[in-house]
Each structure stands twice: as structure tokens, then as C-alpha cells.
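> The primary structure of each chain is shown beneath.
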Amino acid sequence: MTKKGVFYTLTLSLLAIALVSLAFLSFTFSQSSQSQYIELSSAFSVYDMHTSISKVMSDAFSHKNTTFVRTTRESIVIQESLPVDFDALDAQLTSLKNKIERDFRNVNITIGEHALYFLPMNLSLSHIADNHFVLSLHPNVTGYNITLRYSGSVSSCSENSDAGSIHVELYVIAGGSNCTFNQNVGEFQLTVNGQQTTLEIDDDNLELQSNSSVKTSISVSVVPQSQYIDVEMPMTVSVREPVFGFEKNAFVQLMRRE
Amino acid sequence: MALNNKGIALILDVALGTVVIMAGVALSVFFISESGSHVADYQLARIGADILGMLDAQQGFDNLDHAAIEQKIAELLPAHLDMLVRIEGDFEEGDGIIEVGGNLPSTASIIPVRRVALTSDDVYLKITAYVWLR
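For the protein sequence lines, the chains are A and B, in the order given.
Mapping the first sequence onto the working numbering, position 233 (from 1) lands on 233, and the numbers just tick up by one.
Mapping the second sequence onto the working numbering, position 4 (from 1) lands on 4, and the numbers just tick up by one.
Misleading hints may appear alongside valid ones.
Stated by the list, open to error - Calculated cross-link-like contacts (lysine-lysine; reagent style DSS-like; alpha-carbon spacing at most 27 Å):
id, chain 1, residue 1, chain 2, residue 2
1, B, Lys-126, A, Lys-4
2, A, Lys-248, B, Lys-6
3, B, Lys-126, A, Lys-97
4, B, Lys-6, A, Lys-3
5, A, Lys-99, B, Lys-126
6, B, Lys-6, A, Lys-64
To be verified - Taking beta-carbon pairs under 7 Å as the criterion, some of the chain A residues facing chain B (in silico):
id, residue
7, Thr-9
8, Ala-23
9, Ser-41
10, Ala-43
11, Ile-53
12, Ala-60
13, Asp-103
Just so you know, the hints here were simulated from the structure itself, not pulled from any lab data.
Built from N, CA and C at the ideal position, the CB exists for glycine as well.
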């Protein structure tokens, strides 16, 4: 063979090697991207399922209307009628839990107590009983605007307070005499006579207990936050993906009403 | 004119080289297109999930109205795609199963998207969507 032939053969061989290398690289890329997209799809399916289950639970909570919550960057409004009837809500949440866990074996739902968490301050509203709740205090809380509305009459209100930095604006509205209170307090106690209602505010909590039916509205003013205040229910939704082991385990977030 | 040994070697060399080049190109094209199909599958699944999410957010499943759901899907779905939505639940229409959208193609493998929803009447729905290229 001449030098020209050798050069020709070598060139073709190099080109062939380059192409085989290209094919190998493409193969490796293909395998790698396939595995990445399968992983991404699995992670997305976990996220999407968790989001939709959270929305279902949040919708169920909204439909039963036991507690109405509205938040902005600087306030939380909580409205409830005491005593709160949680039976319909509990039945609905349990039914949904059973149906979802039946339809999706990789989902586990744990229903917690009757409470709400407000993030990022981690403020909580806990129900000790259906006529008794506690709202935890936080350094970011600057004041309360409270309305207690009765269908019956109120004979009088007894209050006991000392001066402090929390602004309390209180309205007791009833068929008989109404009561109002508006000042900065450290500790505050109120008894609504004739309705067996007590309200206490101290360094730790706001606590309200009523043995009579009362419509409550509490607007909590907070230091303006850099983000909207989110509300979560202590109900854990866990979605697992068995192949890659992805899992999302988080509380149910109530949809914002802005 | 008779071929000499040098000519035969050259022809064989060219033939072999051409085969190797074609094989390399074919393999490259095959693997690159394969990797592209996984991207497409993932994107189709995302589109399906987004459309279900939007339908749910707009209370599109509340009345379980076949025509209304179909119209919403037609509004939201890109023209080059087709979609089938299967809704299962404790409702009377279709003995608890409604299917809205195109007919599933028998040849393509389709990643299903699954979600749950709650209507305003508190009816629990299990929804499965399939999206594919037309």
C-alpha cells in the first residue's frame, strides 16, 4: 500500500473512532438524562400528589366553616362561634383520609388536634375544648381587636388589667348592656357577667372560655412581615415514592384568602 | 478492466468506513432522540398536572359537567396535544366514572397524572389524566 492509502485508512479509522465515541457519549447522555427525568418525574408526582391532597383537606376545612381565618402581612383574623361543633369536620376529614389511603397506597394521613399554626411566627390557636381556646402570644404580636357577640343579654363586664405594651380593643355586644375596652395592657382579665365568659391575656397567651354561645372575632395585629402569613393545620400528609425513596411529609396548608 | 489487489482493498476500506460511519451516525441519532423522548414525557406529565390544577382551582369539576370540562380542557390544552381525563368518585353520572377528552392511542406509552379533588358539595374525586402528542 502507498502512503496515500495508509493515510486514507488512518483518516477513515479515526473518523470511525470519533463517531463511535460520539455514539457512546450520546448513549451515556441518554442513559443519564433518562434516569434524571425518571427521577424528576417521580419527585414531581410526589409533590403534585401532596399538593392536591393538601388542597382537598384545606377545602374540606373551609367547607365545614368551623373557623374562619384571613391573614395579611400584618394581621390575622380568626372568627369562631363557641362552642365549636367539630363533629362534621372530623367526620369529613376521616372519610377523606380513608378514601385517599384506599386509592393511593403510598399515602399516609395523620389527623391531629383541633389547632391552627400561623407561620412564620409559629403562633398557634389550640382548642382545649369546644368552648375553650388558647392563642399563643409572640413577640411580633402588637395588639388584639376582639369582638364578642351574644344573642342573649349581658348584665355587665368585670375587667382587671395592668399597663403594658399590648394594645387591646374589645367590644362585647349583646342584647343588654354592651362593654368596650381600649388601652395598652400587660395582663388583662375580663369576665362577661350573665354569659359565663372569661378572657385572659398575659405574657404567654390569649385564652377565651365561654359556657354560653358567642360569636368571636379576634384580629391579631403583628409587626409587618416580609411575607404573607401562612396557616397550617396539624394534619400530616405523607406521600412516598418507593423506587427512589422520595417522600414529602408536611402539614396541610390552608389556601390563602387574599 | 480487472481490479487489482490495491483497488479491492480500497473499495473494502471505503465500504467498511461507510458502514462504520453510518452505524455511528444512526446510533448517535437514536440515543439523542431517545433522551429527548424522556424530556417530552416529563413535560407532558407536567402539562397534564397543570391543567388538572387549573381546572380544580376554577371549580371545573364541581358540576361534573362533561361538556364544560371538555370545553375547559380545549381552552387550556396546547393544539399539538391531546388529553383524556378520567374522574372517579361517589356520584351518579356514569356509575361514578366520567371520561372526558380524546381516545387513548394504543401505541404510545403515556405517563398518567393522578390527583384528588373535592367538589363544593364535598364529593371526593380521584382524577387521572393522560396527555399525548397528537
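> Hint by hint, note whether the structure agrees.
Now for the hints, and whether the structure bears them out:
1. In summary, the hint linking Lys-126 (chain B) to Lys-4 (chain A) is not supported, as the alpha carbons are separated by about 72 Å, beyond the 27 Å threshold.
2. Annotation: proposed proximity of Lys-248 (chain A) to Lys-6 (chain B) is violated, straight-line Cα distance about 69 Å (limit 27 Å).
3. For the suggested pair Lys-126 (chain B) and Lys-97 (chain A), the alpha carbons sit about 13 Å apart, so the restraint of at most 27 Å is met.
4. Annotation: proposed proximity of Lys-6 (chain B) to Lys-3 (chain A) holds, straight-line Cα distance about 12 Å (limit 27 Å).
5. Of the pairs offered as hints, the one joining Lys-99 (chain A) and Lys-126 (chain B) holds, with about 9 Å between alpha carbons and a cut-off of 27 Å not exceeded.
6. Between Lys-6 (chain B) and Lys-64 (chain A) the alpha-carbon distance is near 91 Å, which puts this suggested pair outside the 27 Å criterion.
7. With a least beta-carbon distance of about 6 Å to chain B, the hint placing Thr-9 (chain A) at the interface is held under the 7 Å criterion.
8. A hinted interface residue such as Ala-23 (chain A) counts as satisfied when its beta carbon comes closer than 7 Å to some beta carbon of chain B; here the least separation is about 4 Å, so the hint holds.
9. Annotation: Ser-41 (chain A) was flagged as interfacial toward chain B, and the flag holds, the nearest CB pair being 5 Å apart, inside 7 Å.
10. Interface hint at Ala-43 (chain A): violated, since its Cβ lies 10 Å from the closest Cβ of chain B, which is beyond the 7 Å cut-off.
11. The beta carbon of Ile-53 (chain A) is positioned within 7 Å of a beta carbon in chain B (closest approach about 6 Å), and the interface hint is therefore held.
12. For Ala-60 (chain A), the interface hint holds, the least distance from its beta-carbon to any beta-carbon of chain B being 6 Å, beneath 7 Å.
13. Hint status for Asp-103 (chain A): holds, given a least beta-carbon distance of 5 Å to chain B, under 7 Å.
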